[in-house]
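Undergrad: Heads up: the protein sequence lines correspond to chains A and B, in order. Position 86 of the first sequence, counted from 1, bears residue number 86 in our numbering, the numbering being contiguous throughout. Position 78 of the second sequence, counted from 1, bears residue number 390 in our numbering, the numbering being contiguous throughout.
Take the hints with a grain of salt, since some may be wrong.
Claimed, not checked - According to the in silico footprint, chain B covers these stretches of chain A (three or more CB under 8 Å from chain B):
1. 17 to 28
2. 46 to 52
3. 60 to 69
Hints in this document: simulated from the structure, not taken from any laboratory. Here a beta-carbon is modelled for each residue, glycine too, at the ideal position from N, C-alpha and C.
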Amino acid sequence: MEAVQDPIVSQAIEWMVLLRSGTATPCDAQAFAGWRGSDPRHDEACRRIEGVLGGFSVCQAAPDATRQALLAKRRTLKLLAGSGVVVAAGLLARHSGMVDALFDEYLAGSFADYRTGTGKREVVTLADGSIMTLNAHSRADRDADGVTLWMGEVFVQHQASRLVAVQTREGRVSATRADFAVRQFNGFSRVAVLAGEVQINPVAGVQMLLRQGEVACLRAAACERQAQLSAQAETAWLDGLLQVSDRSLREVAAALADYRSGFIRVADAVAGLRVSGTFPLDDTDRTLSALGKVLPVRIVFNTDYLVRIEAA
Amino acid sequence: MSGAPNSGWNRNEYLSLIFRSDYRWLAERLRFRLGCGFQAEDVASETFAQLAALPNLEAVREPRAMLTTIAQRVMYETWRRRDLERSYLDALANVPEAVHPSVEERAVLVESLMAIDRALDGLPVKARTAFLYSQLDGLTYAEIGERLGVSASMVRQYMAKALTACYVAAEL
C-alpha cells in the first residue's frame, strides 16, 4: 500500500474515519463541513474518496451478496493486478522466456475453480451432486453442466440423472449415468469409461458412444477407440498407482512428473523403451529406482528438482 | 519482431509495425490456448488497444513480451470480473426474497464491484471486512471490533487504510 504524503489527504481521511466511527457528535459533522469548505483542495480530496465510495450505491440493494463477492477468495498469481502493472511489465519484458512460461501456465487455467498441485489428488462435489476427483497437477473450471478441463485429468462419478459434461480443447464428453475419466494431453484428450456409457463430441467431428471398459483418443476432428488400452489401468491413479502396459518411457516419466516437483529429463536414446508394470505414484523416488532396475537405464538425481534418466 | 525501433520513427509507425508482425502471433497463441476464437480475438484486440495507450511505447524493446504481459492482465481482469459476478449471484440465489438484477443492472453492478475490488486490492482480509461492515451495514467501530475480535482503535486503523486505498485508486 502506498503511503499518502499529502497532509490534506491525511486530514480528509482522519475526518472520514471519525465521522463513520459511531461516536462522532453533530459538532464533529459541523466542524468537518467547515474544514471542507475552507479550502477547495480539502473539498477535492474528499470528492476523490467519495467518488470511489459511490460505487457502493448500486451494491446497497444486496449488502450480503456484495460482501460475499468482495471477500471471496482471490485467485492466485496476482502478478499483474493493480497499479504495479506497467512497472512489472517493464521488468518482465526483459525475461521474455519467463513471461512465456507464466503465460502458458496462466492460460492453462492458473485461476481455475478446481486445481491440484504436484502430487495431490482432490475430490470435489459438482453442482449436480456428481463426485469429481482431480488427478495431480490438474485444473478445471465449473461451467453450465459440468466442468471445462484445462490441464491434467478428472474422474467423474455420476450420481444424478442429469447430464454432466467435461469439455476439453478437442471436444466434449457427456453422460447421464457413468463413471469416466478424461485427461487433457498436448493436442488430444483421452477418455476412459469405468461404468455406463458416455457420448463424445469432437469439436469438428462425428459423435461417438464409448462403453464400459473402453478407452478412446479424442482429437478435434475425430475420436478413435483404443483397444490396446484398458479403462481400469487408465484410472489406476485413483488408487495412487500408475499401471502401464507397453508404454514408452517418456510417457511414463510424464505421468510421474505430475507427482514430483521439479523436472524429469529423459534422454532421447532411452525415451522409446517400453515399460509395463504397476508403480506407486505417491513415492516417485521408489518408482524411479524400480525403473532403473528393470530397464537398461541409469537414474541420476541432480538434487531433488532434476532427475535425469539416461542409458546405463 | 524484437529490438527497439530506429530513432526517428514515430509512434504510429512503430505501432503498426508491431501490429503487422505480432497481432496474428498473439491471436493464434490465445486461440490455441483458449480453444475459442471469439474470446481469443477479444483478448487480443483489447491487448492491442492497451498497448497503443501506453505512454512510453517507444521504450518497449520486446513487443511480444509486452503483449504477453498485457494479455495476462486482460485475462486476469476478465476472470476476476467473472468471479465477482458469480459469487455475487450465488449469494443472491440464497436470499429467497431478493430481487434479481436485469442484465443491464448486472453489468453496472459488476463494474462497480470491479472498481471497489481494485481499490481494496492488497488490503488485509480483516481491513476489507471491517470496511465493508462500516460501508454496507453502517456498523459502529465498537460493533465491528466485537465481530472481528479486535479493538475499536484497530478498526479505526483499518478504516484509515481502506479509505487511503480508495484515494489512491481514484488517482489512477
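Undergrad: For every hint, state whether the structure bears it out.
TA: Outcome of the hint check:
Remark: the stretch 17 to 28 of chain A is confirmed as covered by chain B, as 5 of its residues place a Cβ nearer than 8 Å to a Cβ of that chain, reaching the required three. Judged by the Cβ-Cβ criterion of 8 Å, the stretch 46 to 52 of chain A is covered by chain B as claimed, because 4 of its residues qualify and three suffice. For a cut-off of 8 Å, the count of residues in the stretch 60 to 69 of chain A with a CB near a CB of chain B stands at 10, and the three-residue condition holds.
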